[in-house]
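Colleague: Take these sequences, add in the hints, and give me the full structure.
What follows is each chain in one-letter form.
Protein chains: 2
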Amino acid sequence: MYISKRGTKLLENYQPLVKAHFLCAENPWAANVNPDGYINLGTAENHLVFDILKPKLNASPGLEESHTHYADLHGMKVFREQLATFLSGTTSHQITADKLVVASGSSAILDMLMYAMCEPGEGIIIPAPYYAGFDHDLKTRVNVEPIPAYTEVENDFKITQEVLLQALIQAGKRKIKVRGILITNPNNPLGSVYSEQTLQMIIAFAKENKLSIISDELYARSVFGKRSYTSLARLTEEAGVGINLVYGFAKDFGLSGFKAGALYTTDEKILQVVQQLAYFMPVSNATQKILYNILQDEAFLNYYFSENQLRLAAASEFVHTKLNEAGIATYPTEAGFFVWMNLSKWLSAYSFDAEMELYNHILETGKVNISPGQVFHSATPGWFRLCYARKPEMINEAVNRISEALGALKQVSV
Amino acid sequence: MYISKRGTKLLENYQPLVKAHFLCAENPWAANVNPDGYINLGTAENHLVFDILKPKLNASPGLEESHTHYADLHGMKVFREQLATFLSGTTSHQITADKLVVASGSSAILDMLMYAMCEPGEGIIIPAPYYAGFDHDLKTRVNVEPIPAYTEVENDFKITQEVLLQALIQAGKRKIKVRGILITNPNNPLGSVYSEQTLQMIIAFAKENKLSIISDELYARSVFGKRSYTSLARLTEEAGVGINLVYGFAKDFGLSGFKAGALYTTDEKILQVVQQLAYFMPVSNATQKILYNILQDEAFLNYYFSENQLRLAAASEFVHTKLNEAGIATYPTEAGFFVWMNLSKWLSAYSFDAEMELYNHILETGKVNISPGQVFHSATPGWFRLCYARKPEMINEAVNRISEALGALKQVSV
Chain W
276 MYISKRGTKL
286 LENYQPLVKA
296 HFLCAENPWA
306 ANVNPDGYIN
316 LGTAENHLVF
326 DILKPKLNAS
336 PGLEESHTHY
346 ADLHGMKVFR
356 EQLATFLSGT
366 TSHQITADKL
376 VVASGSSAIL
386 DMLMYAMCEP
396 GEGIIIPAPY
406 YAGFDHDLKT
416 RVNVEPIPAY
426 TEVENDFKIT
436 QEVLLQALIQ
446 AGKRKIKVRG
456 ILITNPNNPL
466 GSVYSEQTLQ
476 MIIAFAKENK
486 LSIISDELYA
496 RSVFGKRSYT
506 SLARLTEEAG
516 VGINLVYGFA
526 KDFGLSGFKA
536 GALYTTDEKI
546 LQVVQQLAYF
556 MPVSNATQKI
566 LYNILQDEAF
576 LNYYFSENQL
586 RLAAASEFVH
596 TKLNEAGIAT
606 YPTEAGFFVW
616 MNLSKWLSAY
626 SFDAEMELYN
636 HILETGKVNI
646 SPGQVFHSAT
656 PGWFRLCYAR
666 KPEMINEAVN
676 RISEALGALK
686 QVSV
Chain Z
276 MYISKRGTKL
286 LENYQPLVKA
296 HFLCAENPWA
306 ANVNPDGYIN
316 LGTAENHLVF
326 DILKPKLNAS
336 PGLEESHTHY
346 ADLHGMKVFR
356 EQLATFLSGT
366 TSHQITADKL
376 VVASGSSAIL
386 DMLMYAMCEP
396 GEGIIIPAPY
406 YAGFDHDLKT
416 RVNVEPIPAY
426 TEVENDFKIT
436 QEVLLQALIQ
446 AGKRKIKVRG
456 ILITNPNNPL
466 GSVYSEQTLQ
476 MIIAFAKENK
486 LSIISDELYA
496 RSVFGKRSYT
506 SLARLTEEAG
516 VGINLVYGFA
526 KDFGLSGFKA
536 GALYTTDEKI
546 LQVVQQLAYF
556 MPVSNATQKI
566 LYNILQDEAF
576 LNYYFSENQL
586 RLAAASEFVH
596 TKLNEAGIAT
606 YPTEAGFFVW
616 MNLSKWLSAY
626 SFDAEMELYN
636 HILETGKVNI
646 SPGQVFHSAT
656 PGWFRLCYAR
666 KPEMINEAVN
676 RISEALGALK
686 QVSV
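Those sequence lines, one after another, are chains W and Z. So the mapping is simple: the numbering used here equals the position in the first sequence, first residue as 1, plus 275. So the mapping is simple: the numbering used here equals the position in the second sequence, first residue as 1, plus 275.
One thing to keep in mind: the hints can contain errors.
[Stated by the list, open to error] Below, computed lysine-lysine pairings styled on DSS-like, alpha-carbon distance capped at 25 Å: (1) Lys329/W <-> Lys564/Z; (2) Lys433/Z <-> Lys280/W; (3) Lys544/W <-> Lys482/W; (4) Lys280/W <-> Lys544/Z; (5) Lys284/Z <-> Lys280/W; (6) Lys685/Z <-> Lys329/W; (7) Lys280/W <-> Lys448/Z; (8) Lys280/Z <-> Lys544/W; (9) Lys331/W <-> Lys564/Z.
[Claimed, not checked] Incomplete in silico selection of chain Z near chain W, CB under 7 Å: (10) Met276; (11) Leu285; (12) His344; (13) Ala346; (14) Ser379; (15) Ser487; (16) Gly529; (17) Gly532; (18) Gln547; (19) Gln551; (20) Ser559; (21) Asn560.
Read the hints as simulated data drawn from the structure, not as lab findings. Just so it is clear, CB atoms sit at the ideal spot from N, CA and C, and this is done for glycine as well.
Modeller: See below:
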């Protein structure tokens with residue numbers, strides 16, 4: 276039967292990260308049971324917290340008849356209220372339930388937000404390296420063009436006015452109207468938080484160029500470094516500009532399988548449009564109720580987040596030490612589940628093709644999946660992201676394998 | 276800030292059924308507590324089964340660590356397998372997990388299916404009266420045009436070849452390319468099942484005109500009349516044509532708040548496209564696990580469905596008797612949660628404006644929300660859909676109020 280043109284376009288969709296994820300899932304490493312299996316350190320998931328969450332998740336959800344029937348399709352009111360309280364604490368900024376839309380994951384949130392914000396073919400500036408999934412989220416259904424603003428290793432991957440301006444100029448050359456700027460803070464894949472000074476510069480830039488600000492703060496509560504995280508929700512209000520804040524339960528709560536995301540927006544019309552679209556992308560009341568049970572237990576949340584931070588900090592220190600011992604240079608991690616590391620001295624040539632070759636070498640020889648910088652639009656080849664929020668035995672085995680795989684290659688001086 | 280044209284279009288969206296639903300939800304009738312509240316019989320939900328489901332829903336879901344992480348975004352394999360077993364039994368046709376896509380409700384399923392099947396502006400024939408939400412599902416994001424095939428009260432609302440042909444001719448006059456035909460069986464709002472003969476005629480018509488067949492069988496297990504339901508999944512296979520079957524947990528399982536729907540398709544490319552789109556519209560693994568726990572308990576399912584049928588049958592008989600006693604003619608109900616009734620003798624004029632006037636009169640004077648036939652594209656004014664799957668006290672009160680509201684009006688001979 277007939278397949279539409281828009282449908283046919285999707286058949287060519289290629290998501291390397293997702294593909295490798297499922298390859299590893301079919302034959303996963305386990306210390307004793309399957310010592311030759313794949314180790315997947317390419318997916319940003321927190322595998323350190325299930326024991327804490329388990330009793331909460333497996334208690335009776337306490338569903339009432341009302342939960343089995345229709346409720347607001349952009350999130351039950353009682354759930355949005357509890358989430359507003361949580362996000363107010365997290366961002367140090369008063370967030371209200373009426374400005375929240377809950378939907379089936381942060382990809383769904385971005386899809387809807389882009390629908391509301393951009394005509395097809397228009398663009399959004401994203402400082403690079405950036406989360407690889409943004410390309411998919413922006414391009415697939417809503418046809419919005421991500422415009423990378425390339426930060427530089429020589430400048431410590433800082434977002435500067437010059438970097439943003441270059442992106443705007445590039446978009447202009449491609450005749451793409453830019454509608455907004457998307458910041459990920461804490462950042463994926465860098466694992467760092469942005470200083471207040473940088474964020475203020477971004478706000479000023481957005482204001483000057485009439486760009487909407489979208490702030491993906493999915494890792495807000497997974498910060499363990501010396502610097503604390505500052506929410507753009509607070510700073511934008513102080514500056515008198517609007518904000519579109521994306522949050523979700525995948526990262527801070529280790530619940531990527533729950534597919535629950537949220538948008539907080541100060542723009543009344545964006546809110547109305549996204550509420551309309553949320554009709555197609557709702558979160559089950561059952562899942563909302565389980566998450567509500569977690570959110571309303573303040574003592575549990577305090578314990579959970581402090582323990583989570585300790586575990587992430589310990590795991591981060593462990594992997595940095597191991598990698599450095601193996602001669603691999605790492606970018607300091609302050610937040611998130613990843614270490615951004617420099618393997619450029621093992622590239623056969625200073626190119627992204629050579630980076631992909633190195634990626635495949637590590638995947639095939641070492642059976643470890645890490646992510647090559649090019650999928651994050653890294654400006655220079657040779658950087659990789661490794662997700663370390665796993666048990667030490669696994670990290671130990673993985674780094675040994677990577678080290679061995681690299682050892683089989685000739686080191687080139689960069 | 277800028278709002279896109281496609282976003283702005285949504286701001287004009289108007290869904291009368293959804294709006295009235297939430298109006299009633301704000302001030303709901305309760306026999307003793309709020310005797311003057313609104314009674315909402317406009318929403319197709321089953322309010323008769325929560326007591327049976329409650330122990331299942333409120334048991335520990337038994338979530339394991341894997342459920343908290345990413346799984347197939349078109350439904351966990353183990354869940355799709357269990358659902359395939361259930362649907363094979365329901366449709367008397369072998370349904371396999373690899374041809375199933377699970378997503379956040381049947382509106383999401385239709386949205387994705389239409390994306391894959393039609394270019395924007397193309398059309399789908401739907402025998403009318405039809406579920407009012409189809410207009411919203413088809414038009415909102417994917418811009419597909421529903422083409423009503425008007426059945427006639429004089430011919431017992433039968434779908435005939437003539438009726439389908441007229442729709443095709445109408446589409447041609449509007450220069451709309453028709454890609455498929457969408458059948459709801461058991462039917463909403465009629466509450467009837469289609470004979471095998473009618474379904475065979477539809478298949479032949481689709482084949483002759485190269486139309487894809489979409490069969491919404493959401494009420495497959497809510498059948499209690501003398502005639503049994505026949506799935507188009509079985510008949511299409513026998514006829515050697517493809518099928519796109521839409522199912523969900525909202526109706527047969529009384530779980531509209533769980534927003535879990537599924538597509539079974541025999542078309543490999545449609546499957547691939549919808550799998551891609553399902554990335555944005557997944558169902559939480561937590562909800563899938565709760566539904567899995569229900570689906571894998573065969574003894575429970577047998578008890579649940581037989582009890583559900585008994586309760587629906589009793590409630591249907593009760594409402595028909597009450598309505599007929601009040602002088603209201605009803606169309607026989609064999610399935611579903613609704614009675615299709617004829618209030619045309621109370622219309623002030625034989626027009627849809629008068630029908631809306633009567634609707635508002637009953638809503639404002641009687642504080643009962645029922646649905647006027649025009650939202651279902653009824654061919655003739657004066658028909659209404661009343662959802663009766665509620666406790667007898669509520670139905671009793673509602674029919675008394677409707678009767679009183681009608682009594683205040685002059686009857687016109689039709």
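Colleague: Decide if the proposed pair is consistent with the structure: Lys280/W and Lys544/Z, CA atoms, cutoff 25 Å inclusive.
Modeller: 12 Å, holds
Colleague: Verify the proposed pairing of Lys280/W with Lys448/Z, using a straight-line Cα cut of 25 Å.
Modeller: 24 Å, holds
Colleague: Let me know if the C-beta of Ser379/Z comes in closer than 7 Å to any C-beta of chain W, holds or violated.
Modeller: 5 Å, holds
Colleague: Tell me if His344/Z is really an interface residue toward chain W, meaning its C-beta lies closer than 7 Å to one of theirs.
Modeller: Nearest chain W Cβ about 5 Å off; hint holds.
Colleague: With the threshold set at 25 Å, check whether the alpha-carbon distance from Lys284/Z to Lys280/W stays at or below it.
Modeller: 23 Å, holds
Colleague: When the nearest CB of chain W is found for Ser559/Z, is that gap smaller than 7 Å?
Modeller: 4 Å, holds
Colleague: Can we keep the Gln547/Z interface hint, with Cβ of chain W closer than 7 Å?
Modeller: 6 Å, holds
Colleague: Between Lys280/Z and Lys544/W, is the straight-line Cα distance small enough, at 25 Å or below?
Modeller: Cα-Cα ~12 Å, so holds.
Colleague: Classify the hint on Leu285/Z as holds or violated, based on whether any CB of chain W lies nearer than 7 Å to its CB.
Modeller: At about 4 Å, which falls below the 7 Å cut-off, the nearest Cβ of chain W leaves the hint on Leu285/Z intact, so it holds.
Colleague: Given Met276/Z as an interface hint, is its Cβ closer than 7 Å to any Cβ of chain W?
Modeller: 5 Å, holds
Colleague: Using Cβ atoms only, decide whether Asn560/Z comes closer than 7 Å to chain W, and label the hint accordingly.
Modeller: This interface hint holds because 4 Å falls under the 7 Å limit.
Colleague: Close enough to count: is the Cβ of Ala346/Z nearer than 7 Å to one in chain W?
Modeller: 6 Å, holds
Comparing the model with each earlier hint shows violations of hints 2 and 6; every other hint is respected.
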